Amino acid sequence: MDFLLSFVKSLPGAFGQGLAWGLMAIGVYLTYKILDLADLTVDGSLATGGAVCALLITMGYNPWLALAAAILAGMAAGFITGFLHTVCGIPAILSGILTQLALYSLNLRIMALEDVLKMGEAAAKTKATLALNVDRNPLLVSSRFIRELSARNPLLLLTIIVAVVIGLMYWFFGTELGCSIRATGANAGMARAQGINTNKNKVLGLVVSNGLVALSGALLAQYSGSATIDMGRGAIVIGLAAVIIGEVLLDKLFRNFALKLLASVIGAIIYYVVITLVLRLGLESTDLKLLTALVVAIFLTVPYWKERYFTKTKKEVKTDA
Amino acid sequence: MLELKNVYKTFNPGTVNEKRALNGVNLTLNEGDFVTVIGSNGAGKSTVLNAIAGVWPIDSGSILIDGQDVTGLPEYKRAKFLGRVFQDPMTGTAATMQIQENMALAKRRGARRTLRVGITKKEQAEFKELLRGLDLGLEDRMTAKVGLLSGGQRQALTLLMATLQKPKLLLLDEHTAALDPKTAEKVLNTTDTIIRENGLTAFMVTHNMKDAIAHGNRLIMMNEGRIILDVGGEEKKRLTMRDLLDKFAELSGSSIQSDKVLLA
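Residue numbers (my numbering), protein chains in the order written: chain C, 1 to 321; chain W, 1001 to 1264.
No wet-lab data here; the hints were simulated from the structure. In this text, all values refer to a predicted model and were calculated from it rather than measured experimentally. Hints may contain errors.
[Unchecked claim] Pairs of lysine-lysine, DSS-like flavour, derived with a Cα cap of 25 Å:
1. Lys1168/W with Lys1236/W
2. Lys1121/W with Lys1166/W
3. Lys200/C with Lys1121/W
4. Lys1168/W with Lys1145/W
5. Lys1166/W with Lys1080/W
6. Lys1005/W with Lys1121/W
7. Lys1128/W with Lys33/C
8. Lys1236/W with Lys200/C
9. Lys1107/W with Lys200/C
10. Lys306/C with Lys1145/W
11. Lys252/C with Lys1080/W
[Stated by the list, open to error] The calculated label-pair distances, taken between Cβ atoms and stated as ranges, are:
12. Leu249/C with Thr1114/W: 44 to 52 Å
13. Thr1114/W with Gly60/C: 38 to 46 Å
14. Ala1095/W with Leu300/C: 49 to 57 Å
15. Asn1041/W with Ile90/C: 33 to 41 Å
C-beta atoms are modelled at their ideal positions from N, C-alpha and C, and glycine is treated no differently.
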């Protein structure tokens, strides 16, 4: 009973985390599902989003402005990956890894920027954590109010932001440009034959995706009260987990594009509910990476095996007939 | 309309797999020409077509479409001038997108893709009418994913898409080769109709000698990366299978009887 109670009590937190990571999952959906690219930039751009946002907030800038700056920083990261992939001809997966690695150094610098500006030579040039405090900083979302029944409960704003993002993406991928991006991922040869600059579209897709990932990082930094250098470690796997859980559970139900994006967010929420549960069961939080990897591996295996098994039986039926 | 001047292309130069695919191709198509292209495997038929489409850059020579030098243009920029249908029905359409979305993409070939809506209500009505003309029942399945269509349906749709924006030149790359004979004939008839109704200039690569004789106003035969025969007008109309086989033996110095594919 105690166990159940403490689990239920921690559910709002799981929802909060899930919503914030849901934005990241939408970003992963765009590259993985629509562009058919595995983009590993996200591990870095998530932390960049958090770092830029935390930096600007501690420097006294408006938190909305900080969010906007974080998005722009993420978009820039996506652009670099796209540039490496399309102009330099580096495979997409490696391009993402290169950007991610470079961002690690950059993020350490970003978080120390305020000190460097203030104290000059005396300050440390790099910083692995940048703390935010809801008492001192004007944060948009904070986990402290997660169980409060008021307007400052982060679930409210997170839900609104997720809804706005899904609406925007739904609109964008319905435009001429958005359709051409979808065609690029669906059949690049066909897209080129229809006069679509597939390289430009890949870059654009990576830019939009990483903008969303950085937004997610910015919100997570505020929500949890700090930006850290390793907040994005394994982010791609969490994002994939969310996308795949959402797809496996809701694909039959959700046909519309907006609903498919929503499925990824729901996938992220389910992921965090499950994580919360296993933490209550006594796993250490450091065990989560192992668990996440397992979950993704299983969810990717099941559809593959199902299909193999399914096609086999179909063939057998054919030969019988 | 189309001019190829001394076009050369070698694949995998300097390796054991080196293949001289185009060996100085010269060709001029006039407006309204419907050329059929035959030749044995590896003769360079599809290679010429891909050179025109800009799938890869050529080694030397130049390509002009409607007087404009496109030799240096990437594939997606040349698309403005070209309608294309491929051998593999999977190639010409986006399987995970709707029929009407595919058509809307094709309608904007050569235009800038803006933030306006990807498919308008007016277009939907227009596409429905055009699909009705294909007589495949696709007009009632506008929002179905193209991946659900049969090979023949996909080729017919690709053909329609290639002409939504009237191309300077229609490139057909053995577009009926992957279809069963009955479907192939149907798609070929649709091809004829579309070319005639729109007054298109077309370049059709085929493996089927009968088709090459029966369609178009001009016939080209290729061998070892060169054009070895080019007949048009009355001569083309009188052309028979026998003539072609003899011509091939005479011009290429080998007997075509050994080439099963050409007789297919």
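Here is how each hint holds up against the structure:
1. Lys1168/W with Lys1236/W: Roughly 23 Å between the alpha carbons, so the hint for Lys1168/W and Lys1236/W holds.
2. Lys1121/W with Lys1166/W: holds, 21 Å
3. Lys200/C with Lys1121/W: violated, 28 Å
4. Lys1168/W with Lys1145/W: Given pair Lys1168/W, Lys1145/W is violated - Cα atoms ~29 Å apart, limit 25 Å.
5. Lys1166/W with Lys1080/W: With a Cα-Cα distance of about 9 Å, the restraint between Lys1166/W and Lys1080/W holds, given a limit of 25 Å.
6. Lys1005/W with Lys1121/W: Given pair Lys1005/W, Lys1121/W is violated - Cα atoms ~45 Å apart, limit 25 Å.
7. Lys1128/W with Lys33/C: At roughly 29 Å apart (the allowed maximum being 25 Å), Lys33/C and Lys1128/W break the hint.
8. Lys1236/W with Lys200/C: Violated: Lys1236/W and Lys200/C sit about 45 Å apart, past 25 Å.
9. Lys1107/W with Lys200/C: Holds, at about 20 Å.
10. Lys306/C with Lys1145/W: holds, 22 Å
11. Lys252/C with Lys1080/W: Violated. Lys252/C to Lys1080/W sits at ~38 Å, over the 25 Å cutoff.
12. Leu249/C with Thr1114/W: 44 to 52 Å: violated, 36 Å
13. Thr1114/W with Gly60/C: 38 to 46 Å: Holds: the Cβ-Cβ distance is about 39 Å, inside 38 to 46 Å.
14. Ala1095/W with Leu300/C: 49 to 57 Å: Taking Cβ atoms as reference, Ala1095/W and Leu300/C lie about 21 Å apart, which means the hint is violated.
15. Asn1041/W with Ile90/C: 33 to 41 Å: holds, 36 Å
Of the numbered hints listed earlier, those contradicted by the structure are 3, 4, 6, 7, 8, 11, 12 and 14.
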